[in-house]
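Let the sequences and hints guide you as you build the complete structure.
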Amino acid sequence: MDHTKKTRLGDPTQYGPRNTGMKVETNVSPKTDAPAGLLAYNGLSTKDVRKSGARKLDAEQMTKRMAWVVQVNAVRDHKDKAAFAEIFGYFAPRVKSFLMKSGASPDLAEECTQEVMATLWNKAHMFDPTKASVSTWIFTIARNRKIDLLRKQRRPEPEDLPWGPEAEPDQADAMGLQQETEKLGEALATLPPEQRKLIEKAYFGELSHSEIAAETGLPLGTIKSRIRLALERLRHSMK
Amino acid sequence: MMNEMKQIKHHLTEPLLMGYAAGTLPEAFNLVVATHISMCDTCRAALAEYDAIGGEVMLGGDPVEVAEDALAATLALIEKGDAEQALPPAPRAPGLFPAPLRDYVNGDINDVKWRKIGGGVSQMILKTSKDASVRLLHIPAGTAVPDHGHRGTELTLVLQGAFVDETDRFGAGDVEVANEELNHTPVAEAGMDCICLAATDAPLKFNSLMPRIAQKFVGI
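Protein sequences, first through last, are from chains A and B. Last residue of the first sequence: 239 in my numbering, with the numbers rising by one and none dropped. Last residue of the second sequence: 459 in my numbering, with the numbers rising by one and none dropped.
In short, the hints are calculated from the structure, not lab data. Ideal Cβ positions, reconstructed from N, Cα and C, are used throughout, including at glycine. Incorrect hints may appear among the rest.
Said to hold, decoys possible - One side only, chain A facing chain B, incomplete, derived with CB under 8 Å:
#1 Pro-93
#2 Thr-113
#3 Gln-114
#4 Glu-115
#5 Met-126
#6 Phe-127
#7 Lys-146
#8 Thr-181
#9 Leu-218
#10 Gly-221
#11 Thr-222
#12 Lys-224
Following this line, the structure appears as structure tokens:
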């Protein structure tokens, strides 16, 4: 764990915000939608690490985030129950909360949370800290379980990248990604409350845009543009 | 394949990526999204961001207390081996169809059970949840799909060949997102037959009488 403290937190030349604003060859028709970039993921959008002013991150939060990575690796390498208990203690109540807000009864959410955490154990070797933060990874496991259990649907997943996983995740890449995700979390927390609530509803409440529109009494177009605004604001605060 | 990828210029929209990450889209839309992402690194990277937002939203929620014996119960679940096991991720498919689509077709292009729907166009409806439908379309080169409007949202992903409509040209990997406002007549480009994966959450509206009658029989 020592290295996480010593790594060059906030050294922009190393791990500066790799906000690439991914360029997409577009754009023929105005309705063409090219997704804009918030984070640069390893080997996906670009390799160029831009120099720009990195905001100071809460070092304690970063240490916590890197600690999760170490804990998942301990589960993977040593079937470390103490490390698992740490992850469980932090994430299980949050997974349960997510599932209940998605419409699961407390009993179902409890059962489902235990399954999600057991899946984490089983899939620990598939976790790649250069591609996802532990929070992101657990979210995707919980989301897939939710679709399976609550919506009773199959979940088609994209196929794997042709070049496959790299042998040993690069520590600097992992650090950069974890840092970006921490920043994203901070940006989300500091959004104006109404904007944050809209994004939360879209993820948590299992509400479609039209359902949010019905609930809030706002027209669908307004909801869509407000969500768009909230995302733009997130992107802006990532710069 | 790499060259094709570079040419993709019509991407998934923000609401679609967000809905896929949140797990709130109909299964039929999820299939189009997963198939497009299999072909498009730009949208793959964008999806990772929406997943990350989901993770942070989850972290920001008020924690709910779990059962007192939850950890022990989970460890017991692990011991028993009942929980979801790790399957190796789907490898890149050698054929035309990306892995998620192959799963629904039970094979590649040669395994598709085409049914003629008139005008030289054939389709195969894929089985998904009922809140939306998804089909493969085979449009012979140079052929037009009858002029139609939409009641809901229609996603059309090109897998092979290309089509052109009033808005633009759509080649392999491109996805067209059409809504109520778009009335269009897609025409498959000369040269190669066009194979598309099309999902809709409402029936299409054809603008002439004949296709409307045919519509009853072909399930569009």
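How the hints compare with the structure:
The interface hint given for Pro-93 of chain A is met, as the beta carbon of that residue sits about 3 Å from the closest beta carbon of chain B, less than 8 Å. The beta carbon of Thr-113 of chain A is positioned within 8 Å of a beta carbon in chain B (closest approach about 6 Å), and the interface hint is therefore held. Interface restraint check for Gln-114 of chain A: the shortest CB-CB distance to chain B comes to about 4 Å, inside 8 Å, so the restraint holds. The criterion of a C-beta within 8 Å of any C-beta in chain B is met by Glu-115 of chain A, whose closest approach is roughly 6 Å, and the hint holds.
Residue-level restraint check for Met-126 of chain A holds (minimum Cβ-Cβ distance to chain B is 6 Å; threshold 8 Å). Interface restraint check: Phe-127 of chain A against chain B, minimum CB-CB distance 10 Å, threshold 8 Å, status violated. Annotation: Lys-146 of chain A was flagged as interfacial toward chain B, and the flag holds, the nearest CB pair being 6 Å apart, inside 8 Å. For Thr-181 of chain A, the interface hint holds, since its Cβ comes within 8 Å of a Cβ in chain B; the closest pair sits about 5 Å apart.
Because the closest C-beta pair between Leu-218 of chain A and chain B is about 15 Å apart, greater than 8 Å, the hint is violated. With 8 Å as the threshold, the beta carbon of Gly-221 of chain A stays out of range of chain B, its nearest partner Cβ sitting at about 11 Å, so the hint is violated. Evaluation of the Thr-222 of chain A hint against chain B yields a violated restraint, the C-beta minimum of about 14 Å exceeding 8 Å. Among the interface hints, the one on Lys-224 of chain A holds; its C-beta lies about 6 Å from the nearest C-beta in chain B, closer than the 8 Å criterion.
Taken one by one, the earlier hints fail for this structure at numbers 6, 9, 10, 11, listed in ascending order.
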